[in-house]
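Chain A is fixed; fit chain B onto it per the hints.
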Amino acid sequence: MIAPALAGFATVSPAATVAAATAANLLAARTQMAITLGFHIVLACLGVAFPALMLLAEWRGRRHADPDALLLAQRWSKVVAVTFAVGAVSGTVLSFEMGLLWPGLIGRFGAAFGIPFALEGIAFFLEAIFVAIYLYGWRHLGGRAHLLSGVPIALAGAVGTFSVVTANAWMNAPAGFTLDANGQVASVAPLGVLFNGATGYEVVHMFLAAFMVTGFLVASVYAVALLRGHRDHATRLAFLLTFSVAVVATPLQIAVGDVAARAVRDQQPVKFAAMELINRTGSHQPETIGGILVDGHVVGGLAIPDVASLLSGFSPDAVIAGLNTVPQDQQPPADVVHLAWNAMVGIGTLLLVPAAWFVLAWWRRRELPRSPWFLRLASLTGIAAVLAMEAGWIVTEVGRQPWLVYDVLRTSDAVTQAPGIVVSLVLTSALYLVLAMTTLLVIAGMARRWQHAALSDADVPYGPREATLP
Amino acid sequence: MSAPDLVAIVLWAGLTLYAVLGGADFGGGFWDLVAGGDEQGRAPRALIDLAIGPVWEANHTWLIFDLVILWTAFPQAFASVMSTLFVPLTLAAFGIVLRGSGFAFRKVVGRLAGQRLFGAVFAISSLLTPFFLGAALGAIASGRIPVGNAVGDPWASWLTPTSLLTGVLAVAGSAYLAAVYFVADARRRGDVELEAYFRRRALAAGLVTGALALVGLAVLHADATYLFEGLTSRGLPLILLSVACGGLALVLLARGSVHPARGFAAGAVAAVVVGWGVAQYPYLLPTTLTLAAGAAPVGTLAALTVITIVAALLIGPSLGLLFVLDQRSRLEAEGEGFQWTSVSPHERR
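Going down the list, the sequences are from chains A and B.
Using my numbering, you'd call the opening residue of the first sequence number 1 and step up by one each time.
Using my numbering, you'd call the opening residue of the second sequence number 1001 and step up by one each time.
Just to be clear, a hint being listed does not mean it is correct.
Unchecked claim - According to the in silico footprint, chain A covers these stretches of chain B (three or more CB under 8 angstroms from chain A):
1) 1056-1063
2) 1077-1085
3) 1164-1172
4) 1186-1200
5) 1299-1305
Said to hold, decoys possible - Label pairs and their calculated CB-CB ranges:
6) R228(A) to S1329(B): 37 to 43 angstroms
7) R1042(B) to A444(A): 24 to 30 angstroms
8) P419(A) to A1043(B): 46 to 52 angstroms
9) R1234(B) to L427(A): 55 to 61 angstroms
10) R1042(B) to V426(A): 56 to 62 angstroms
Hints are computed from structural coordinates only; laboratory data are not their basis.
We put the beta carbon where it would ideally sit given N, CA and C, even for glycine.
Only chain A is shown next, with the shape it has when bound in the complex (with noise of 0.2 angstroms):
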């Protein structure tokens, strides 16, 4: 009785009228989901990483008695106040969007894919239990129980981050299920689904990329303090914690996504051919740095000779499969694929240079570079951490299309039938573009009195309560 019901799930309407309702609503639910996520994975990286980050400052003004270093680790605790509750709401809306904008993924997939996110309840639920504890346990909690009444919050960052990119890396890489004949999951092995084959190195990148993030975006803003004259201890501190912190994930990070590459070559070849722009399949494939397919043959930017061969074969005769290994419609548009993984890559490698810079300089005088140089890049790091992660992002995702589901279910089989998208979309735009904005300026306005009582030693009416530190 129920069977026919169900198959709905399973296939579209061939109905025209229903074929143009999608395309107009596919266009704007990506647009929505982009545009959603795309923030939300900005605040998901704060929400792992910064944590971890204010524990160490915590930890460092603990051990060393320094009241400098617990004033920091007060301070940022204010501002995760703020972007863990902006990112609640906004990973909130994510879980909405499930099934507001892909009802045909979840009623299909659900089975399988929601079990990795079942597992994020349980991480988020611990997150959220430790972070209103350790923020609002400053004053009473006794110093060492308030340090572990981190950790947990640290840990859950952790544990979220390995499920939620583990529901991605199914995505790119399905497992842990059987199909009956009308295309229903049949069976699920929970394992199989959590331990897919893409798991390991999208995790692992992930988490990779929330420190730098996090790392070189708090450390751009006291690079900013620095060059404005601010030279105290505490900013000093601050740029050092955080700025480590992301030089150490920068060259790890390269690592893994070198290893990443060559498992998306070979679980995703026509991704991997879109990344590397490469529409036939052959050996001594070049790197191509910018420029855009046009029928299927490259145009601008610089081909260097046999180096994608190189690197994904290490020679000069490995063979990468091209774009034309099958037919368009199953293709990805790889010139936004391409474009955005050179900038991804490209802005990743760029960050070696002010990281390397002051790893010598305090390898060989235990001081930050003296160049203002130095200051100025390192002012610019956050803003491209940030840029090369969703530079990342859009590469696994609209390298992933057409598919939702690799291989298996369309985007455009799983989009909503329900009509007005577009208001939504339109809705949705105004409402993050001022939520976006507020955050900015509310943290912005936080720093500036903290600048000013710092300067004053003014009361501020939320200012923290620096002389009574526990």
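Chain B only, in chain A's frame:
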């Protein structure tokens, strides 16, 4: 008991906790909205902020928990509900964004103008969110969700007497719970004036909520036959329990037994939520999809059972720690709660 039934119990437990805990946080926004001008509303708003601050994110997580359990264990139900109820649930999502960010921003923004703005955003969205969530539940309960991708009518499915009623009932019930909890919070802080302030409001909100619930039964009789029949047969003991708890809570509150009143008020709301579940059993979407027909394969349900046990072992004690610390006033510092910035002459309107 079958595996789908077991997961449905977990789902309903999460929903009940969200109603009892998260609902009260929305109710806090309601009382914030009607607290009056800057000076007049200073004291109640400070209490509301202290009471909600440490717990709202944890309480909000019950909603996410339930969404995730629903889409994993009963994927078709989730997809059908979300796609048919696109309009109210999109509005609820907007409300969630505005409520949470408005509340967080108000706490840290320095100027009175900003506090007014974010306070208003927080308070108004605290009304809209439970209304639209309640309206969506009304649409489900009254059997207006056919199975499939946006198969139900985007408007007629929820612009109904039942949805209107459940939406308003959600707002009223939230306000009632919040007021009762705030009476206890004010008592704990030894603030006699605020205790009386919220006691009056709790009694009024309790009477309004009770009256709405009675009207609701009449509406359900006309508009949601299957649910009405369930509520007046299988669900009847729970409905009577709810009435008893609600009445007792009012009496205790009037006599000043604040802490037991809190438990009975929560019990009254919980009994309605559980009663709804019992009334529409064995359907998840009344008369279109049963729990058994909509359930995920056994491997998924087994995984969810394990995850639920782990969750109970980890979240239970953690949440207990949070609430104990909170109730012992260990999670606040004098002056750290939200206070209105003193009105400077150029900001005075």
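Hints, one by one, checked against the model:
Against chain A, the stretch 1056-1063 of chain B contributes 5 residues with a C-beta closer than 8 angstroms to a partner C-beta. That satisfies the three-residue criterion, and the hint holds. Residues of the stretch 1077-1085 of chain B lying with their CB closer than 8 angstroms to a CB of chain A number 7, which satisfies the three-residue condition for coverage. Coverage of a stretch by a chain is defined here by at least three residues with a beta carbon nearer than 8 angstroms to that chain's beta carbons; for the stretch 1164-1172 of chain B and chain A the count is 0, and the condition is violated. For the stretch 1186-1200 of chain B, the proposed coverage by chain A is not satisfied: 0 residues have a C-beta within less than 8 angstroms of a C-beta in that chain, short of the threshold of three.
For the stretch 1299-1305 of chain B, the stated coverage by chain A holds: 5 residues have a C-beta nearer than 8 angstroms to a C-beta of that chain, and at least 3 were required. For R228(A) and S1329(B), the Cβ-Cβ distance of about 41 angstroms falls inside the hinted range of 37 to 43 angstroms, so the restraint holds. Look at R1042(B) against A444(A): about 27 angstroms separates their beta carbons, and that is inside 24 to 30 angstroms. Against the hinted window of 46 to 52 angstroms, the Cβ-Cβ separation of P419(A) and A1043(B) comes to about 48 angstroms, which satisfies the hint.
One distance hint, 55 to 61 angstroms for the beta-carbon pair R1234(B) and L427(A), is violated here, with the actual separation near 41 angstroms. Checked against the hint of 56 to 62 angstroms, the pair R1042(B) and V426(A) fails, with Cβ atoms roughly 38 angstroms apart.
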